[in-house]
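The listed protein sequences derive, respectively, from chains X and Z. Per our numbering, the very first residue in the first sequence carries number 1; after that it's consecutive. Per our numbering, the very first residue in the second sequence carries number 1; after that it's consecutive.
Keep in mind the hints are simulated off the structure, nothing from the lab. Bear in mind that the values here come from a model prediction, so they are computed numbers and not experimental data. Worth double-checking, as some hints may not be accurate.
Calculated lysine-lysine pairs in the DSSO-like style (CA-CA distance at most 30 angstroms, straight line) [as the list claims (entries may be wrong)]: (1) Lys40/X - Lys19/X; (2) Lys2/X - Lys74/Z; (3) Lys2/X - Lys61/X; (4) Lys40/X - Lys10/X; (5) Lys61/X - Lys10/X; (6) Lys40/X - Lys61/X; (7) Lys74/Z - Lys40/X; (8) Lys2/X - Lys40/X; (9) Lys19/X - Lys74/Z.
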Amino acid sequence: MKIRVYVTLKNGVLDPQGKAIHHALEGLGFEGVQGVRAGKLIELEVDESTSDDAIDEMCRKLLANTVIENYRIERTENAA
Amino acid sequence: MRSAVIVFPGSNCDRDMAEALRLVSGRAPAMVWHRESELPDGLDLIAVPGGFSYGDYLRSGAMAAQSPVMRAVKEAADRGVAVLGVCNGFQVLTEARLLPGALMRNAGIRFVCRDVALRVENSQSAFTARYQAGEEIVIPVAHHDGNYQADDETLDRLEGDGRVAFRYGGEVNGSARGIAGILNEAGNVLGMMPHPERMVEAAHGGEDGLRLFEGLLETVS
Numbered sequence: 001m002k003i004r005v006y007v008t009l010k011n012g013v014l015d016p017q018g019k020a021i022h023h024a025l026e027g028l029g030f031e032g033v034q035g036v037r038a039g040k041l042i043e044l045e046v047d048e049s050t051s052d053d054a055i056d057e058m059c060r061k062l063l064a065n066t067v068i069e070n071y072r073i074e075r076t077e078n079a080a
Numbered sequence: 001m002r003s004a005v006i007v008f009p010g011s012n013c014d015r016d017m018a019e020a021l022r023l024v025s026g027r028a029p030a031m032v033w034h035r036e037s038e039l040p041d042g043l044d045l046i047a048v049p050g051g052f053s054y055g056d057y058l059r060s061g062a063m064a065a066q067s068p069v070m071r072a073v074k075e076a077a078d079r080g081v082a083v084l085g086v087c088n089g090f091q092v093l094t095e096a097r098l099l100p101g102a103l104m105r106n107a108g109i110r111f112v113c114r115d116v117a118l119r120v121e122n123s124q125s126a127f128t129a130r131y132q133a134g135e136e137i138v139i140p141v142a143h144h145d146g147n148y149q150a151d152d153e154t155l156d157r158l159e160g161d162g163r164v165a166f167r168y169g170g171e172v173n174g175s176a177r178g179i180a181g182i183l184n185e186a187g188n189v190l191g192m193m194p195h196p197e198r199m200v201e202a203a204h205g206g207e208d209g210l211r212l213f214e215g216l217l218e219t220v221s
């Protein structure tokens, strides 16, 4: 089973990388970009028996730093 | 003073730290590999050095914080043993939740490597006993992720309880309230981005870091 974990910065946490990307997009002449926030996508291949609680614990203990980041877990049953 | 320096794959200031400790205490520290689950007996100080542990993968300090030796460091810190985290060591201590907050990418995006002015905010701790409160010292920084952030409540508590040990004299990396180094609640754990071990003899361009180690020698041995 494939799991996707999206790790994003919490609202209000400054994101220098997002700001730099935003600046670069403006430099390329793209208009209308209101803001950019950069995050991470982590893909896990886990046993079918892996519980939701276990995945949540992986996120809290390692994959995300909950001081500054939020995470969202997405299960994709059939990996293409 | 009996000390230990923790060594992770990717640590690169471990030997500088060991040299500073040897210089001040006359005794070489134990170098403890990250896979160890126990520390030597009778330690007065544990130093978590700078570098790029585990290649800064995932987040700076995140992997190192989960290594076996950090469980032993946490237990020692709970018993009151002094723990000094410098640069990547500070990042490791926040990731291990021995200190609050987090160290994020520098606000200016670039790696910053230069001498910086620091104001000593608290001279009551074991780490700062040889400094005067309000004194300005010069210590080098070399980091990409030194931008200290925490929520306002945490920042207020750190300031209110005198747990801000050092503040930058000018803008360096975007840190909230100019914070360069903080103490834990009990005052026996210090994390700081600047490198005191790189300022301990005249050939380094200054000796302002020396007093941090001398203060420890006096208070924790």
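Against the structure, the hints:
no., hint, verdict
1, Lys40/X - Lys19/X, "16 angstroms, holds"
2, Lys2/X - Lys74/Z, "34 angstroms, violated"
3, Lys2/X - Lys61/X, "19 angstroms, holds"
4, Lys40/X - Lys10/X, "13 angstroms, holds"
5, Lys61/X - Lys10/X, "17 angstroms, holds"
6, Lys40/X - Lys61/X, "16 angstroms, holds"
7, Lys74/Z - Lys40/X, "29 angstroms, holds"
8, Lys2/X - Lys40/X, "16 angstroms, holds"
9, Lys19/X - Lys74/Z, "36 angstroms, violated"
Hint check: violations occur at hints 2, 9; the rest are consistent with the structure.
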